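Use the sequences and the hints to build the structure in full.
Number of protein chains: 2
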Amino acid sequence: VPALTIGLDMGGTKCAGVVLDEVAAVVDEHRAPTPAGTDAVLATLTTVAATLRDRAPGAVEAVGIGLPGLVSADGVLRFAPHLVDLFDVPVAAELTARLGCPVTVDNDATCATAAEWQLGAAAGARHAVLVTFGTGIGGGLVVDGALVRGGHGFAGEFGHMTVDPDGPPCVCGRRGCWEQYASGPALAESARARAGAGRLPGPLAAAGGDPGQLLGEHVTSAAAAGDADALRLVDEMARWIALGLANLTLALDPERFVLGGGVLEPPGVVVAPVARRLASALGRAGGHRPVPDVVAAALGARAGAIGAALLARAASVPPGESRR
Amino acid sequence: VPALTIGLDMGGTKCAGVVLDEVAAVVDEHRAPTPAGTDAVLATLTTVAATLRDRAPGAVEAVGIGLPGLVSADGVLRFAPHLVDLFDVPVAAELTARLGCPVTVDNDATCATAAEWQLGAAAGARHAVLVTFGTGIGGGLVVDGALVRGGHGFAGEFGHMTVDPDGPPCVCGRRGCWEQYASGPALAESARARAGAGRLPGPLAAAGGDPGQLLGEHVTSAAAAGDADALRLVDEMARWIALGLANLTLALDPERFVLGGGVLEPPGVVVAPVARRLASALGRAGGHRPVPDVVAAALGARAGAIGAALLARAASVPPGESRR
Chain A
17 VPALTIGLDM GGTKCAGVVL DEVAAVVDEH RAPTPAGTDA VLATLTTVAA TLRDRAPGAV
77 EAVGIGLPGL VSADGVLRFA PHLVDLFDVP VAAELTARLG CPVTVDNDAT CATAAEWQLG
137 AAAGARHAVL VTFGTGIGGG LVVDGALVRG GHGFAGEFGH MTVDPDGPPC VCGRRGCWEQ
197 YASGPALAES ARARAGAGRL PGPLAAAGGD PGQLLGEHVT SAAAAGDADA LRLVDEMARW
257 IALGLANLTL ALDPERFVLG GGVLEPPGVV VAPVARRLAS ALGRAGGHRP VPDVVAAALG
317 ARAGAIGAAL LARAASVPPG ESRR
Chain B
17 VPALTIGLDM GGTKCAGVVL DEVAAVVDEH RAPTPAGTDA VLATLTTVAA TLRDRAPGAV
77 EAVGIGLPGL VSADGVLRFA PHLVDLFDVP VAAELTARLG CPVTVDNDAT CATAAEWQLG
137 AAAGARHAVL VTFGTGIGGG LVVDGALVRG GHGFAGEFGH MTVDPDGPPC VCGRRGCWEQ
197 YASGPALAES ARARAGAGRL PGPLAAAGGD PGQLLGEHVT SAAAAGDADA LRLVDEMARW
257 IALGLANLTL ALDPERFVLG GGVLEPPGVV VAPVARRLAS ALGRAGGHRP VPDVVAAALG
317 ARAGAIGAAL LARAASVPPG ESRR
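Quick mapping for you: the protein sequence lines, in order, are chains A and B.
So the first sequence is numbered by the numbering used here: it starts at 17 and just counts up by one.
So the second sequence is numbered by the numbering used here: it starts at 17 and just counts up by one.
The set of hints was computed from the structure by calculation and includes no laboratory data.
Since the structure is predicted, the reported quantities are computational estimates derived from the model, not experimental observations.
Please note: incorrect hints may appear among the correct ones.
[As the list claims (entries may be wrong)] Computed, partial: chain B to chain A, Cβ under 8 Å:
(1) VAL92
(2) ARG94
(3) CYS117
(4) ARG142
(5) VAL159
(6) GLY172
(7) MET177
(8) LEU268
(9) ARG300
[Said to hold, decoys possible] Label pairs and their calculated CB-CB ranges:
(10) A/GLY161 to B/ALA19: 55 to 63 Å
(11) A/ASP101 to B/ASP101: 55 to 63 Å
(12) B/ALA162 to A/PRO184: 36 to 44 Å
(13) B/GLU252 to A/ALA113: 46 to 54 Å
(14) A/THR29 to B/GLY303: 22 to 30 Å
(15) B/PHE103 to A/PRO184: 34 to 42 Å
(16) A/ALA89 to B/ASP70: 48 to 56 Å
(17) B/ALA331 to A/ALA89: 51 to 59 Å
(18) B/ALA288 to A/GLY228: 44 to 52 Å
(19) A/GLY161 to B/ARG248: 25 to 33 Å
(20) A/GLY74 to B/ARG142: 45 to 53 Å
(21) A/GLY140 to B/PHE103: 26 to 34 Å
(22) A/ASP104 to B/ASP104: 51 to 59 Å
Using N, Cα and C, we set each Cβ at its ideal position, and we do this for glycine too.
What follows is the structure, encoded as structure tokens:
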């Protein structure tokens, strides 16, 4: 019987689950919408995991979960500004009890970083930073060849770094957070304002003519097709992304940035202008130091779930054996 | 004969040198003003090191140098915005040739971090961030119990992280860098503007009545003595420092910040309001996560030179022996 691992990734809109086999290949998938409230979230996590386990072709050894917020080292979700009313939820303990097998819990972007580093676009890097652009910005770090969680498990919360102290208020209680300039909602808001002023006819038509229905993907799809107005808007977002990556370069000096998340689909549309802008965003230092590579994530929307499974598997390896 | 190590710290205004004995105690010191130009800087480093070596009570085993800029892993100073006309200077190779002993070169704040971590205010921390406030802002990192230099040796350049993209232009070529709001020159500039408007009478009197002569230390000294106008100005700077520390907390989740540099003298005046403000600078997350400790550096102005010597000593330990 092969040893299988389940990985779940609870995002702002959906809970995605995968089953990994011994060579880390995805052998099954299942997903459900993200509900509101602690009980409903715990029930959804349980159901998605149980569904995958019940139809798995072998014994499931461990379950890993990625959550969009501050997850402490003991598996408690402390704070998740993009989930409704979740504070201090002991997810690892609850799910371990409900599923009857070992459950590990990590930040979702930490999971995605583990996956991209082990199997994807950060493979081989000793210093890499993953940044995902979706409902918010998530992040993860590899420093000197090791995944970094920080002193309390909360490293990589790049999205709430202030890039403009006079900027708009954020759900996190701060102002001018990076994710307010580079995320799905941020791109949609810029697009709606511009479409309302008649300056985004292509994407507006794709959204059925109602500016209120415009989403970030209408803009990125139009940009991919060469729409000049959409390209301008994407380039503006790319400028903000490059500014944030320059800040992270100054702090961490990575060899490589791996960019993922739904906002970057199709990947080349946003990643290419960001890569172009990073050297100049570094100012004069950009001419005196290596500029980190900027590449698109390789594992797509499943990175978080795959990484959650990988981390669960690593945690379940008996001491003395390799746990990469 | 005891094994001695020399450490040099070239700052924007002076080159400070120390001699450390085997138990890392400072047994001698020497300093010289920082000159302009590559040749003069190399000559000053050589002279300060040679002076200390000539009068040392034993054999000098190695020399370590800290420099205020981007130092690559091969000991080349690539870029130093606060030194005049220094680019791509092979300091390690030049000084090794001139002094005839092993010379290691690191960023000055990396050196100070090594010293504070081994002997000072960061001792025992597995996740610590050092930030020094002087002519500019320097920084260093301890992550998972190891000193971090980054992929190319350039990690910890926190001072040039953008905190306001509409802010004033910086010597580094970017805009609104953190150090433009929290450094000696930044505090002096705010003080001059305020004194010119008659709103800083105490420090202005201490500066001889000429706003152009006002320095940051006039403000911090007056604040230490309870001057209400000076305290207000210091609190404004503390707010900017807390904003930057909150950004670094989000990215790195350290257990402890160690703050040093001349601008924080006397230390309690600035460090205390920064520590008070950090939780609220973290927004709502500040109530759901441990807030890092904020403490003053313990080794004072000699931290960089001491750390340079410690790093030189560690590099000269033969493979197989401990080099902590």
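To see whether the hints hold, each was checked on the structure:
no.: 1; hint: VAL92; verdict: violated (10 Å)
no.: 2; hint: ARG94; verdict: holds (5 Å)
no.: 3; hint: CYS117; verdict: violated (28 Å)
no.: 4; hint: ARG142; verdict: holds (7 Å)
no.: 5; hint: VAL159; verdict: holds (5 Å)
no.: 6; hint: GLY172; verdict: holds (7 Å)
no.: 7; hint: MET177; verdict: holds (4 Å)
no.: 8; hint: LEU268; verdict: holds (6 Å)
no.: 9; hint: ARG300; verdict: holds (4 Å)
no.: 10; hint: A/GLY161 to B/ALA19: 55 to 63 Å; verdict: violated (32 Å)
no.: 11; hint: A/ASP101 to B/ASP101: 55 to 63 Å; verdict: holds (58 Å)
no.: 12; hint: B/ALA162 to A/PRO184: 36 to 44 Å; verdict: holds (38 Å)
no.: 13; hint: B/GLU252 to A/ALA113: 46 to 54 Å; verdict: holds (51 Å)
no.: 14; hint: A/THR29 to B/GLY303: 22 to 30 Å; verdict: holds (26 Å)
no.: 15; hint: B/PHE103 to A/PRO184: 34 to 42 Å; verdict: holds (40 Å)
no.: 16; hint: A/ALA89 to B/ASP70: 48 to 56 Å; verdict: holds (53 Å)
no.: 17; hint: B/ALA331 to A/ALA89: 51 to 59 Å; verdict: violated (33 Å)
no.: 18; hint: B/ALA288 to A/GLY228: 44 to 52 Å; verdict: holds (49 Å)
no.: 19; hint: A/GLY161 to B/ARG248: 25 to 33 Å; verdict: violated (47 Å)
no.: 20; hint: A/GLY74 to B/ARG142: 45 to 53 Å; verdict: violated (38 Å)
no.: 21; hint: A/GLY140 to B/PHE103: 26 to 34 Å; verdict: holds (31 Å)
no.: 22; hint: A/ASP104 to B/ASP104: 51 to 59 Å; verdict: holds (52 Å)
Consistency with the previously given hints fails for numbers 1, 3, 10, 17, 19 and 20, ordered from lowest to highest.
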